[in-house]
Amino acid sequence: MKKFLILPLAFFVVLVVFLAVGLKRDPHEIPSPLINRAAPEFSLPTLSGTTPFSPSDYKGRVWMLNVWATWCVSCREEHPVLVAFAKQIGVPIVGLSYKEIQPQDDPEKKLSPESKLNLARSRGSVWLDRHGNPYTLSVMDLDGRVGIDYGVYGVPETYIIDKEGVIRYKQIGPVTPQILSDTLLPIIRGLENS
Amino acid sequence: MSFFSYRNECRKCSCLNAGFGRMAVFICCALFLALGANTLGAKEAEPMASDAQVEARLVHIAEELRCLVCQNESLSSSRADLAEDLRAQVREQIVKGKTDQEIKDYLVERYGDFVLYRPLVKPMTWLLWFGPFVCLVFALGMLMLAIKKRNNKIQSLGAASQHSTVQAHHPDHEHEHEHEHTHDHPHPPINSNESALSGQKE
Numbered sequence: 001m002k003k004f005l006i007l008p009l010a011f012f013v014v015l016v017v018f019l020a021v022g023l024k025r026d027p028h029e030i031p032s033p034l035i036n037r038a039a040p041e042f043s044l045p046t047l048s049g050t051t052p053f054s055p056s057d058y059k060g061r062v063w064m065l066n067v068w069a070t071w072c073v074s075c076r077e078e079h080p081v082l083v084a085f086a087k088q089i090g091v092p093i094v095g096l097s098y099k100e101i102q103p104q105d106d107p108e109k110k111l112s113p114e115s116k117l118n119l120a121r122s123r124g125s126v127w128l129d130r131h132g133n134p135y136t137l138s139v140m141d142l143d144g145r146v147g148i149d150y151g152v153y154g155v156p157e158t159y160i161i162d163k164e165g166v167i168r169y170k171q172i173g174p175v176t177p178q179i180l181s182d183t184l185l186p187i188i189r190g191l192e193n194s
Numbered sequence: 195m196s197f198f199s200y201r202n203e204c205r206k207c208s209c210l211n212a213g214f215g216r217m218a219v220f221i222c223c224a225l226f227l228a229l230g231a232n233t234l235g236a237k238e239a240e241p242m243a244s245d246a247q248v249e250a251r252l253v254h255i256a257e258e259l260r261c262l263v264c265q266n267e268s269l270s271s272s273r274a275d276l277a278e279d280l281r282a283q284v285r286e287q288i289v290k291g292k293t294d295q296e297i298k299d300y301l302v303e304r305y306g307d308f309v310l311y312r313p314l315v316k317p318m319t320w321l322l323w324f325g326p327f328v329c330l331v332f333a334l335g336m337l338m339l340a341i342k343k344r345n346n347k348i349q350s351l352g353a354a355s356q357h358s359t360v361q362a363h364h365p366d367h368e369h370e371h372e373h374e375h376t377h378d379h380p381h382p383p384i385n386s387n388e389s390a391l392s393g394q395k396e
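Chains as they are written, first to last, in the working numbering: chain A, 1 to 194; chain B, 195 to 396.
Please note: incorrect hints may appear among the correct ones.
[What the hints assert, rightly or not] Covered, in the sense of this in silico footprint (three residues per stretch, anywhere, with C-beta under 8 Å from a C-beta of chain B), are these stretches of chain A:
hint	stretch
1	31-38
2	97-103
3	145-153
If you are wondering where the hints come from, they were derived from the structure by calculation, not from laboratory data. Every residue gets a Cβ at the ideal spot worked out from N, C-alpha and C, and that includes glycine.
Okay, chain A solo, but in the shape it has when bound (with noise of 0.2 Å):
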């Protein structure tokens, strides 16, 4: 009899295994297969109006790509983060300006590429002088294309570029201090020696 009860109680004991894992998991964050893939390759205009930037062009360096948006409730509380720690990250972060002008800023679908840009242009600018520039520089994206070709289904997310321009870490949500000193930043000094 005791026999017999053995292998239901296995049985019981891998079933709840693998529901407490599947409890500790975050369904929301999704696993990227970017991950030691080579970084998409964009040409976005940059907020300040500077020329075209491409992730060819920090080939050699370690840098961040942080998705950000003036309407993303979440980057209000990961951007301070950002600001204050920018010095100690110590590599370039770009931003991506994430679909600025939202269906609703232009319901009847008026505003031509250039008047999107610009209006996209002066409310970053603004929310950036507001609450801190932590950005070496930061492109627009306003489509979103470039969002989809990185996977981003959510702002903020960060993703950590090696010198070879391949993607290492995808951080989804926002940055908190213990995410980056944990984390993060381990990370950016491991790939800065290698």
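Use these hints to put chain B onto chain A, whose structure you have.
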């Protein structure tokens, strides 16, 4: 803590809207086809038909894809902005003449296997795909074993009980014989007990 800005978007896509969007697309397609067939000449109908075809294919593909923002909705029924953007991408690629597989691969490349409602069959998902069948076979095996064991038990029990009933019949018969013999005595066991006791005493 508000995590994703997009998470708020899920409020936009309530359950009511989810089915409604798909229905609306379907009704629109049906109307287009009906109008095209009845009121317009073949020449004018062609671009509409191809448009409807694109939409039908879009719905067909997007139904197999998961919206990453509202994870329990398909890409075809979600009202999240990202879903709209991704639908636009899919539509664009359909027009370009890409196959369903190529379009799905395009999204998997960016968002991972998670976008597929039907997980791929690969070592990582073997447990998922074959686990239930393994469990079923295992359970059936256990059941067969249990039945066999039980049958054996019943058989051996049957044989044993047959054996024991044959043995048991003799004392019964003897009893019956005794009863027959002691019919004139009203309480034969007590009598015999008494006689035994008296015998012991003696």
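Tested hints:
For the stretch 31-38 of chain A, the stated coverage by chain B holds: 4 residues have a C-beta nearer than 8 Å to a C-beta of that chain, and at least 3 were required. With a threshold of 8 Å between beta carbons, the proposed coverage of the stretch 97-103 of chain A by chain B holds, since 3 of its residues qualify and at least three are required. As drawn, the stretch 145-153 of chain A meets chain B at 5 residues by the rule of a beta-carbon pair under 8 Å; at three or more, the given contact holds.
In the structure shown, no violation is registered for any of the earlier numbered hints.
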